[in-house]
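4 protein chains.
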Amino acid sequence: MTNEEPLVLAAEVQKHANREDCWIVVEGKVWDLTDFAPEHPGGLESITEHAGHDATEVYNAFHAPSLLPTTLGPSKLIGKLDPSTPLPTYQKPPPTSTPQLGTQPVEKPPLDTILSTHDFEDVASRTLTPKTWAFYSSAATDCHTRSLNNSLFHRLLFRPRLLRNVQRVSTHTTILGHHVSLPFFVSPAAMARMAHPEGEKALARGCASRGVMQCVSTNASFPIGEIVGAVAEEGEGEGRRPPLFFQLYVNRERAKSEALLREVEALGVKAVVLTVDAPVAGKREADERVKAEGGLRAPMSGGEAGNDKKGGGMGRIMGSFVDPTVRWEDIEWIRRCMKLPLVLKGIQCAADAKMAMEMGVDGIMLSNHGGRSLDTSPPAILVLLELHKCCPEIFDKMEIYVDGGIRRGTDILKAICLGATAVGLGRPFLYSLAYGQEGVEHLIEILKDEVKTSMRMIGLTTLDQAHPGYVNTLDVDYLVPGTETHPYARRRPKARL
Amino acid sequence: MTNEEPLVLAAEVQKHANREDCWIVVEGKVWDLTDFAPEHPGGLESITEHAGHDATEVYNAFHAPSLLPTTLGPSKLIGKLDPSTPLPTYQKPPPTSTPQLGTQPVEKPPLDTILSTHDFEDVASRTLTPKTWAFYSSAATDCHTRSLNNSLFHRLLFRPRLLRNVQRVSTHTTILGHHVSLPFFVSPAAMARMAHPEGEKALARGCASRGVMQCVSTNASFPIGEIVGAVAEEGEGEGRRPPLFFQLYVNRERAKSEALLREVEALGVKAVVLTVDAPVAGKREADERVKAEGGLRAPMSGGEAGNDKKGGGMGRIMGSFVDPTVRWEDIEWIRRCMKLPLVLKGIQCAADAKMAMEMGVDGIMLSNHGGRSLDTSPPAILVLLELHKCCPEIFDKMEIYVDGGIRRGTDILKAICLGATAVGLGRPFLYSLAYGQEGVEHLIEILKDEVKTSMRMIGLTTLDQAHPGYVNTLDVDYLVPGTETHPYARRRPKARL
Amino acid sequence: MTNEEPLVLAAEVQKHANREDCWIVVEGKVWDLTDFAPEHPGGLESITEHAGHDATEVYNAFHAPSLLPTTLGPSKLIGKLDPSTPLPTYQKPPPTSTPQLGTQPVEKPPLDTILSTHDFEDVASRTLTPKTWAFYSSAATDCHTRSLNNSLFHRLLFRPRLLRNVQRVSTHTTILGHHVSLPFFVSPAAMARMAHPEGEKALARGCASRGVMQCVSTNASFPIGEIVGAVAEEGEGEGRRPPLFFQLYVNRERAKSEALLREVEALGVKAVVLTVDAPVAGKREADERVKAEGGLRAPMSGGEAGNDKKGGGMGRIMGSFVDPTVRWEDIEWIRRCMKLPLVLKGIQCAADAKMAMEMGVDGIMLSNHGGRSLDTSPPAILVLLELHKCCPEIFDKMEIYVDGGIRRGTDILKAICLGATAVGLGRPFLYSLAYGQEGVEHLIEILKDEVKTSMRMIGLTTLDQAHPGYVNTLDVDYLVPGTETHPYARRRPKARL
Amino acid sequence: MTNEEPLVLAAEVQKHANREDCWIVVEGKVWDLTDFAPEHPGGLESITEHAGHDATEVYNAFHAPSLLPTTLGPSKLIGKLDPSTPLPTYQKPPPTSTPQLGTQPVEKPPLDTILSTHDFEDVASRTLTPKTWAFYSSAATDCHTRSLNNSLFHRLLFRPRLLRNVQRVSTHTTILGHHVSLPFFVSPAAMARMAHPEGEKALARGCASRGVMQCVSTNASFPIGEIVGAVAEEGEGEGRRPPLFFQLYVNRERAKSEALLREVEALGVKAVVLTVDAPVAGKREADERVKAEGGLRAPMSGGEAGNDKKGGGMGRIMGSFVDPTVRWEDIEWIRRCMKLPLVLKGIQCAADAKMAMEMGVDGIMLSNHGGRSLDTSPPAILVLLELHKCCPEIFDKMEIYVDGGIRRGTDILKAICLGATAVGLGRPFLYSLAYGQEGVEHLIEILKDEVKTSMRMIGLTTLDQAHPGYVNTLDVDYLVPGTETHPYARRRPKARL
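Residue numbers (our numbering), protein chains in the order written: chain R, -19 to 477; chain D, -19 to 477; chain G, -19 to 477; chain U, -19 to 477.
Hints listed in this document are in silico derivations from the structure and should not be mistaken for laboratory results.
Ideal Cβ placement from N, Cα and C applies to all residues, glycine included.
Please note that a few of the clues may not be correct.
To be verified - Simulated crosslink set (DSSO-like; lysine-lysine; CA at most 30 Å straight-line):
(1) D/Lys334 with G/Lys9
(2) G/Lys432 with D/Lys271
(3) D/Lys271 with G/Lys428
(4) R/Lys271 with D/Lys428
(5) G/Lys60 with G/Lys9
(6) D/Lys56 with D/Lys236
(7) D/Lys334 with R/Lys334
As the list claims (entries may be wrong) - Example chain U residues on the side facing chain R (calculated, C-beta under 10 Å, incomplete):
(8) Val(-12)
(9) Leu(-11)
(10) Ala(-9)
(11) Glu(-8)
(12) His(-4)
(13) Leu128
(14) Ile327
(15) Glu366
(16) Glu464
(17) Pro467
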């Protein structure tokens, strides 16, 4: 694509303005989308309604700039719009549903008035589009697990030790051998671009500047290469940069996943995090209720949002590429595809944790997908306690991460005291994107302050001093299973089926 | 009743327009109701106010078409209204109370926006008549049990097992040897016609089309024969149809019950479900507060709604035919009346479950009548756990069903994991009738999706893989009695009368 | 006081219209209140503002007719108002506070729409005067015990036994050998006249007509003799009448209590109930906040309401006659005063229950004064369970009554199953008085229906079949102390003063 | 400063009206603040905006009268304003934020309508300035501990013993050998002048008049000498005065703390209370959100409020002088500075309590800083129970105080029964200051009445009769750790940094 592209007059473009002959202008380039439109994951119509028009604005709301040339290839580039002949934007008729993308014209409070993750959430609920808010905030069916994830942390009390010199406090730790400034990371979450045009790239830059690990989702709005590139552009030396992990959903077309893993490895990503708690999508009713308007597509997975007879559930429809046949045996297949450390995300009981240990994986993330997969699945902190009861040796064999419901430095510190290597936060980082990279950095600073204050208040100066003795877990201990099976675990009668 | 019925002029009908001489037209037929009116369970006046008029509309709101000829016999048929002489409908004066039957003129949201049982309930609360809503939704006194029924399920957490191939999932199972597509059924509930003119017939057709078992109430709005017929009309082969069960309230006039049981057996019903938890009606205050306007009658039981000095409690007044003397010894009497399998519905403690087992009944339904009989009676899921503690051998001897408070696929799966053969839902099916048969089918599809997703999320592909190890019951275990008697179970002092 | 009283002209009365010379007309009689006014427990001013006027209306709102002649004696009767010279009622200036006595001009719903104690309470809250409502409904400080009293009952679950012949159910029992129709009674409560002019007399008549025991308070609005008389007037035979008990607050002037006990015994009362949980009045802030307007006086105790610098707390100010020195040793003194059975009301732990047993009293009432004495004192049902744990033999030695928070037939039946002989209800009976005697009878019928239905639902036909096995107490068992002392019950350090 | 100060004309003052040459008049004295203004902790501008004006009013709102001469020294006193030449007050432009000091022009209800600490709190929330309310009422992050502090008390039930002579009740006790009238004291709290111009002096006078101990904060609005003096002025004999304790925050400049301790000892203060639970300030978001307007300074500590990029958190910014390096070893240093008894405030687990015992300190105050330091830190009452479980011998070795969440006489009595020597209340005393000294005395009378009534209700006449047997702690016992370490207290894996 060079300056030698032919100039095309607006009047010429306007002749190709129907389904069978569909030219569209994006960022001054004229593309022939006739062949592609029927394959558009967001639906044929969301392209053809722009035929013969300038669709730059709507394209940018959904897609990374690099997507168009990559997807169509140079043969579909007709040329460059003659700048002297402006082309109108397609004027959509008055919408019958609420718009679903882009930010709403609501004024955000100044960033320095945001004191906590709750403040970020509050702003997000008012300024994100209804569809983005529904997709990010929703959880499975009655949302009991989403609530429990957070509320269980409040039932853990600290047992502070006092009169120690806590002037200097370090929050540094390592994750799989990589130094990080803080014991928390960005949990993988889909489609960060819905909150901000820079999406995962803004997250990556914010994390890099603060030494925080980021785990990128297969369903990210940008290709992993661009996200890695976003940090490299910053010019920081590789040695000082915090690690980037890559979350994997196995594609029904396994070859695609293989290629992706090879690409990821080549890009210098430090570990692969295989999600195991979402063989199918959870039922998130808030997400279903808000119709998806245009097409949203995750470049890596190819997952696309849309609507069907069950509603507009973005998680469900985008997740349709995910292979529900993945089994323990497939761990070997993944290992053959790349040499990176492997972490399993979504472990929810001691039995599976032990299985992971026996398979020799490098870490497990105790998680219930933010309560988005199965309602009344157990909060990670309960599973963490279950490991202490059922298989304490696991803490010496692998790293244990925790996510779900973490909103405060106190939550983070409790998880660390109870044996977690590090903890992940998902939604809070998405919400911070309402302010772009600056929001991400502000969120990290808030949490860092909270972690440091909490450490000082219980008498710690480094994280390796943390241990369960600093936490009173008695209010939740009765909920923790002590065996891998239920005391009533007799088989159901053979009379069945 | 043939075409040879004499034609009657409207003017002739209008001459018989008072209490002592009362002709009424229904569906074009002229009936003499003079003798019957004083016996009308809905009250004399609700008939005589229509004397000399066409009462088709109001009749249909309350009664099945077959009721009139069956009740009156051919001798009361005067003839056929001459179609050339239209007869006006009785214009009731402006009502002094809210109307109690028929649907309200509130627009229902499109069926495809209904995502859950909660949505159906919400629509029902706004579109059913106040009386119907009060009758269906009400529960005994302070409604603690109705709440507990549902809330206890939320306190059971799953213990998901991951990384299994869950692409193909089967929800098939058997109930008393009959194949069904899903491990839930329609619990018996009275007077489905209050929600929809097709009432239990719409339920039957919806269930038949989806392979779901239905248990028909003695207090159904249609005779059991018509309900059986409704499915047969659909032309589906007997072998593929899901089973129909019949719920029995023993009539104070035992001979009527005997006749009914013989009829039921002859109709091909697969089992009889004897309700044992309602020797008298519970006190449902919401139901009492809304006056019953016309007469509602259950054709099978003969139970009729109305008002008395205590209020308009439909459950109470309709239930007055129920025999409160039924004892364990009467099980033998029922068995002599028919050869069908027998299930006891309403068992609420291990001691009675064991008694049932010793009596050799084929199944028990743990139930508290949807919280409608006795407030603070135990939720079925607690009784299910009690069986594990007190008499685990029972699971090999008979089938155990559970109902009350089940609103989600997760609830269903938990009950199955804990040993239930299948579970019943009552109110949700009544609420789905606001959309007729289509609503019933939509509800079944919703629950099916939820069950399948939940199975996949915990790692099951067939229901016979389910066992208690998939459920963490620790949050409710302390509520489960471990013995049949109370530790303080000393007799009260002999001084007592 | 005869017809020979001199006639007094209105103009003559009007001459005695100030503090130093104060005549007042009540029910057509002219009284000289000059000497009495300064001693008026309701305050001087509340009398003198009516000087020279007809005060019949305000007098009747507060006092029984018999009070005036009894208190003043015949010497203060000036004569009879000449009926031809009407005397105006004192027109009070617009009030600066809300009126506190008499019913408000709010229309009550028809009695047959009242279905429960909750309905009675709701009506009372809207129709009683603010002062009456505050006095009746208030409880100590933060009202935790008032709430717990009721909520603990909901946490007890039934364990119903089914398939028993429950057609005929008897609610009869005996209390200290006296037959009663129902296992509940009217707990003693002060000043029933604030709700209805017939006060305790209406309660007595309602109870007599329904076979329910009544326990009359020392602070009743009528002398015990009048209450006994109210029933006798009804002409019912002594043998068929339910027993009347008398609640005693010991007067600081012990001689007055002695006289009262002798009077009570002579009147045929069946037992004396000594209140032991209120040596001083509890702090009921709602009661304090509403100023007492006129004077209210309990004829038996002489206790009077009023205002002081702490507020208008009727319970506190009226209770000032109560002797806080009463000790176990005084039990003997009471026994010397009369031969009636003796019950201690307000026992709140096993240790005191055992003490009562050792003293040979005839019964104890587990009670916390409706939560009005000490906030966070234990609900009676907990103490009842404590007796089972700590001294089960007590149930064979004496009768145990329970009150506090009982609002449903289910509550009553649970207490009976757990060993109570009978239970008391206080506030519900006061609230029922908004409808007078008819309200009392309606309340009794409601509770009787609820008790009978509950009995049938759990499989009882007589109360002596009740035992703890019908109740699942597991949800509250952890709250029940198993020893008389605390595990940490070391003495506090001697260093303490 | 004498009468010989030169007279200065207003016109002369007005010539020095800018940043570089800044004279200001306070209480008729002319001061040169040019040099001091840049060091003003409340900010330069809050002084210079008053240059050339009379700033008496604003000065008095923030500072004690003695502060100015002490801080500036006599050399900065220009002279006395010529009274014949009045100088205007600086008219501030309309504020852009809410004012933060002084009381709002909202009418307070009469003091005799205040019945409880809750009433005082309610009035304070409506009449204090937003900043004062935010500073006083706020607590750390999500305020769980602030809530728990109070709610745990409600879950302790009494076990009253009855039929004891409770006419005479004494609430006297001793604290470290000093007689006090009541077993509660004023917990140290910063900046009482924000609620009332007399601040801690009003507290001191109120306490002295009622025999209540007061513990003065390092961050008091007045120098300790003035507070001591305020009581001495009252002319009460030393022997009858209740003791005054002094709370210490160690200054980063240790010499300042040494001087302060020596001053305190010389003033006759009875004990030093070292705060150990706030090495840094907690994160109190309500406090951060309300900007501080002018400068507030604690004379003893030198701590000053203000705003920075994190907000206006007064606790945080004022606390910046606190030394976070203080360790157990520094106890010896403090002892070398003075001979007074030493109490450690903020102990939160048995291990630290034992350490304090081994160090031979005289008492410990179980406290979590009113929930202001670390959210989900344990309520003091839990720690008190932990001492009974883990080191009961401690009750014989030292005095144990408790604060946090105490709002009722019942709370106080429970703590005493469970072994506390006395309990502290902080916020309630600050709130009572809305009414000045009279409010303080009214609060003490309220609590005294509540304590006495509670004692009578459980059968106590003196506090040394109290013991744990009077309290049922079963509802919270499960939360109390029985060992100093957690059962899962294995070290975290060595792999950690």
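key: Violating hint indices (sorted, rising)   = 1, 7, 8, 9, 10, 11 and 12
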